[in-house]
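Chemist: Go ahead and model the full structure; you've got the sequences and the hints to work with.
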Amino acid sequence: MESKTIDFERGWDHVYKGIKQLRRILEGLPEPLFTSGEYVMLYSTVYNMCARNPPHNYSQQLYDKYREVLEEYITSTLSPSLRGKRDEFLLRELVKIWVNHKVMVRWLSRFFNYLDRYFVDYRSLPALNEVGMTCFTDLVYREVQTNIKDAAIVLIGKEREGDRIDCSLLKNVLDIFVAVGMGSMERYEDDFEADMLRDTGAYYSRKASSWIEEDSCPEYMLKCEECLKKERDRVFHYLRSSSEVKLIEKVQHELLVTYIDRLLEKEHSGCRALLRDDKADDLSRMYRLYCKIPRGLDPVADIFKQHVTAEGTALVQAIGAASNAPGVQEHVLLRKIIELHCKYMAYVTDCFQNHNLFCNALKDAFKVFCNNTGTDSSSAELLATFCDDILKKGGSEKLSDEAIEETLENAVKLLAYINDRDLFAEFYRKKLARRLLFDRSANDDHERSVLSKLKQQCGEQFTSKMEGMVTDITLSRENHAAFEDYLRSNSAAHPGIDLTVTILTTGFWPSYKPCNLNLPTEMIKCVEVFKGFYETKTKHKKLTWIYSLGTCNLSGMFDQKTIELVVSTHQAAVLMLFNTSDRLSYSEIMDQLNSTHEDLVRLLHSLSCAKYKILSKQPDTKTISRSDYFEFNSKFTNKLRRIKIPLPPVDEKKKIVEDVDKDRRYAIDAAIVRVMKTRKVLGYQQLVSECVEQLSQTFKPDIKAIKKQIEDLITREFLERDEENPNTFKYLA
Amino acid sequence: MHKLGRGHRDKVQQFMTITGASEKIALQALKASDWHLEGAFDFFYSQPHIKSYTDTTRLEELYNRYKDPYTDMILVDGITLLCNDLQVDPQDIIMLVVSWHMKASTMCEYSKEEFFIGLQALGIDSLEKFRERIPFMRSELKDEQKFHEIYNFAFGWAKEKGQKSLALDTAIGMWQLLFAEKQWPLVDHWCQFLQARHNKAISRDTWSQLLEFARTIDPALSNYDAEGAWPYLIDEFVEYMNENGIIQNGQFSDRSQK
Numbered sequence: 001m002e003s004k005t006i007d008f009e010r011g012w013d014h015v016y017k018g019i020k021q022l023r024r025i026l027e028g029l030p031e032p033l034f035t036s037g038e039y040v041m042l043y044s045t046v047y048n049m050c051a052r053n054p055p056h057n058y059s060q061q062l063y064d065k066y067r068e069v070l071e072e073y074i075t076s077t078l079s080p081s082l083r084g085k086r087d088e089f090l091l092r093e094l095v096k097i098w099v100n101h102k103v104m105v106r107w108l109s110r111f112f113n114y115l116d117r118y119f120v121d122y123r124s125l126p127a128l129n130e131v132g133m134t135c136f137t138d139l140v141y142r143e144v145q146t147n148i149k150d151a152a153i154v155l156i157g158k159e160r161e162g163d164r165i166d167c168s169l170l171k172n173v174l175d176i177f178v179a180v181g182m183g184s185m186e187r188y189e190d191d192f193e194a195d196m197l198r199d200t201g202a203y204y205s206r207k208a209s210s211w212i213e214e215d216s217c218p219e220y221m222l223k224c225e226e227c228l229k230k231e232r233d234r235v236f237h238y239l240r241s242s243s244e245v246k247l248i249e250k251v252q253h254e255l256l257v258t259y260i261d262r263l264l265e266k267e268h269s270g271c272r273a274l275l276r277d278d279k280a281d282d283l284s285r286m287y288r289l290y291c292k293i294p295r296g297l298d299p300v301a302d303i304f305k306q307h308v309t310a311e312g313t314a315l316v317q318a319i320g321a322a323s324n325a326p327g328v329q330e331h332v333l334l335r336k337i338i339e340l341h342c343k344y345m346a347y348v349t350d351c352f353q354n355h356n357l358f359c360n361a362l363k364d365a366f367k368v369f370c371n372n373t374g375t376d377s378s379s380a381e382l383l384a385t386f387c388d389d390i391l392k393k394g395g396s397e398k399l400s401d402e403a404i405e406e407t408l409e410n411a412v413k414l415l416a417y418i419n420d421r422d423l424f425a426e427f428y429r430k431k432l433a434r435r436l437l438f439d440r441s442a443n444d445d446h447e448r449s450v451l452s453k454l455k456q457q458c459g460e461q462f463t464s465k466m467e468g469m470v471t472d473i474t475l476s477r478e479n480h481a482a483f484e485d486y487l488r489s490n491s492a493a494h495p496g497i498d499l500t501v502t503i504l505t506t507g508f509w510p511s512y513k514p515c516n517l518n519l520p521t522e523m524i525k526c527v528e529v530f531k532g533f534y535e536t537k538t539k540h541k542k543l544t545w546i547y548s549l550g551t552c553n554l555s556g557m558f559d560q561k562t563i564e565l566v567v568s569t570h571q572a573a574v575l576m577l578f579n580t581s582d583r584l585s586y587s588e589i590m591d592q593l594n595s596t597h598e599d600l601v602r603l604l605h606s607l608s609c610a611k612y613k614i615l616s617k618q619p620d621t622k623t624i625s626r627s628d629y630f631e632f633n634s635k636f637t638n639k640l641r642r643i644k645i646p647l648p649p650v651d652e653k654k655k656i657v658e659d660v661d662k663d664r665r666y667a668i669d670a671a672i673v674r675v676m677k678t679r680k681v682l683g684y685q686q687l688v689s690e691c692v693e694q695l696s697q698t699f700k701p702d703i704k705a706i707k708k709q710i711e712d713l714i715t716r717e718f719l720e721r722d723e724e725n726p727n728t729f730k731y732l733a
Numbered sequence: 001m002h003k004l005g006r007g008h009r010d011k012v013q014q015f016m017t018i019t020g021a022s023e024k025i026a027l028q029a030l031k032a033s034d035w036h037l038e039g040a041f042d043f044f045y046s047q048p049h050i051k052s053y054t055d056t057t058r059l060e061e062l063y064n065r066y067k068d069p070y071t072d073m074i075l076v077d078g079i080t081l082l083c084n085d086l087q088v089d090p091q092d093i094i095m096l097v098v099s100w101h102m103k104a105s106t107m108c109e110y111s112k113e114e115f116f117i118g119l120q121a122l123g124i125d126s127l128e129k130f131r132e133r134i135p136f137m138r139s140e141l142k143d144e145q146k147f148h149e150i151y152n153f154a155f156g157w158a159k160e161k162g163q164k165s166l167a168l169d170t171a172i173g174m175w176q177l178l179f180a181e182k183q184w185p186l187v188d189h190w191c192q193f194l195q196a197r198h199n200k201a202i203s204r205d206t207w208s209q210l211l212e213f214a215r216t217i218d219p220a221l222s223n224y225d226a227e228g229a230w231p232y233l234i235d236e237f238v239e240y241m242n243e244n245g246i247i248q249n250g251q252f253s254d255r256s257q258k
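Those protein sequence lines, which keep their order, are chains C and E. Note that full-length UniProt numbering gives residue 297 to position 297 of the first sequence, counting from 1, and the numbers run on in steps of one. Note that full-length UniProt numbering gives residue 193 to position 193 of the second sequence, counting from 1, and the numbers run on in steps of one.
Quick caveat, the hints were computed from the structure, so don't treat them as lab data. No false leads were slipped in.
Under the rule of at most 20 angstroms between Cα atoms (straight-line distance), these lysine to aspartate or glutamate pairs were calculated in the DMTMM-like manner: (1) K704/C x D225/E; (2) K164/E x D712/C; (3) K704/C x E227/E.
Modeler: See below:
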């Protein structure tokens, strides 16, 4: 390249020729395209005019000329073609001239490229294509922006009404809005998007107000789903993705938020009705629609909770009012509650995607009616009885193993809703003891599986004692084998009666009254023999005998035939008295046996006034009085060779409740001390709520009980009230 | 002294006579209390470093008059005699105030030390002085802070030695006495309630919180916070009042007059 200076006029002349050629090309006139040689010449001319020292450096003039050329091009060729055009025609024309403009700018920039490289930076001026953009914006865009915005919005409106529109046209138009922003979305947002959103809002507001009147809730929801889908498509096809969030929010607001109450509360088709009529699909749709709206699900969850609570309460009342036999009634109640639970749990999982709000709604609803059975027995007791019925022999043998497992699993789930969990534990433990000791458990596996489910739900501490009980039984069996070995090797020690002893570890089992019954000699010998055996195993443990839990098989030598009698140890002790005396008075039996009146009356009643009269009583009344006389009824017979004489158990309910109350007082005491020890100083309200929190796994404590314990601890000088503020307590180390 | 006005001079004289303090002390006390005699007494007696101008020999004489012949303490007979000499009823609440000054550990007996401490604190070494102090002591009951201290003192004083709680009857008696001074409208209802529903001893916490209750809660119980940290017994009392229609709609509709 020759490095010679060029005269401005000459240089510009050359360049301008090139520009004119370019314009002719753009106009579509038959004009040959630039060859690379021609292009290089033009570039070089510019170069030569710029890469010079002053006064031959014409950079500034060229820079200005560039702008002039563009402006001239726009005002003479581009803008006029827009005038007079409207709507879609305007849009099309705009896109066309935009394309032309871009080409012009591109080529021009190539010619003037040298300016971009050095001059622009050196003087901190806008780059060439920026200048190009600015020209277009100032001369074209500003004039037509309102009209094109309106035209675009009209098109969108048409599409909403179902017409087909030219999506690519719209896309191109919107591209212009973006381009004009020169790197920022401001023009797109302010000059187009804002009004588009407003228009959208107005559109859907109109639609919603008529739909809400005419349509049922499911119909309305379907329409909403459709609209939302279509709007998303719109974004995909021509709107900018940045508009999506705002657009969807706007639509949701108009359709779903504004009318949420009217929609949900629609009388025959609203949320309540859907729940009532089990419309799972519609409820799923409702969830889908509202889950993305902040706090949109709150009213739905609320209605759900109310519905479940109402259903549950009605159920409890209906069964309370029915006149079944008491035991049956309660069993039916629990079954029905379990069914209800399964039903609505399915809703939570399937329709409501296990969302927290709904899990909690279900929980709260069940807590309301599960604790109020309307009968004498607490729900804790009912549940324990229910489990007992399933687990004991003769309870539910008709059901398959799977059915039993499932029922037990559901029963354990209900425990989460019952406030008095510790009461349930006590009842369950008592009943478990009976099952284990009297061999009434139907299936070991089921027993263990329930315990493991309980452990999972309520923690290890809850089931540790019960597990201990089950282990005791297993150990006792092993122990018994060892005992038999012992007897075999010490034949002299054999008591002459078959003896099985079950050893219970004190802490695990419910507390039993020890008794000082005078046993018949034969039994005394058994006890001694076992003691001897036990001492060979361990000298550190003390055995306390609980005869009330034992059973005995006696042979009753009646006149007609010998019948085997299965009785409790106490009953056996009474009967064996008659081996040595024919006739005994109440008081004689009392003396010899050393029992309590309460127990003796029960015993004698079971043997003389119940189904099987092993003893005959004088006088032959239905109740036992202290002046009665008893004789062995040798005339007794029965077609069975072996009969069980039941001894009705004492009602332990009251004692269980008392025991649990006492335990609760200790637990509350311990919780208060624990909290205060950590916090040192704490306000009353906070202390109470932390205690409730700590105890919540086991039971729901009564606030009054907590208050009483606090005062007790003040008297015992563990705590004191703060002098300035009597609502605050301090821990006294 | 010549700089003071007539009224002030009189007060200084009075002060000196009653307390036996010097002119300098009298001026100090009166100035500190803005020339109110009652306040000046207060100021004077609450100064621990001010030597009490009591004659120990005379105190000894006084003590011997009342002390029990067999023990070195003043017991019931001595106290009765003292009350006679003072011309007050032994049931008069003034005896409680006296005991408070003495920091007596239990009612119906004063140890020698307690007797001395109390009388010295009051600047008493003769029966006349004792009698003269009585109006002052009565005035102390009107002071909010002192009443608070006396009230709380009463619990420890009235209960049996070695017990943690106060027997109900004694408590009721004390409350009747104390609230006669303070005028709490609900005191009778409170005592009735306790007799009907509680029938057990009163804990110290309940005792002291009751004063707070009487002080801050209005008789219609309108500002009572059931969720607050009031003792359990007071919660029950409020329930009792609501149940029996004594409080209806936040209105105290008590028809029984004292």
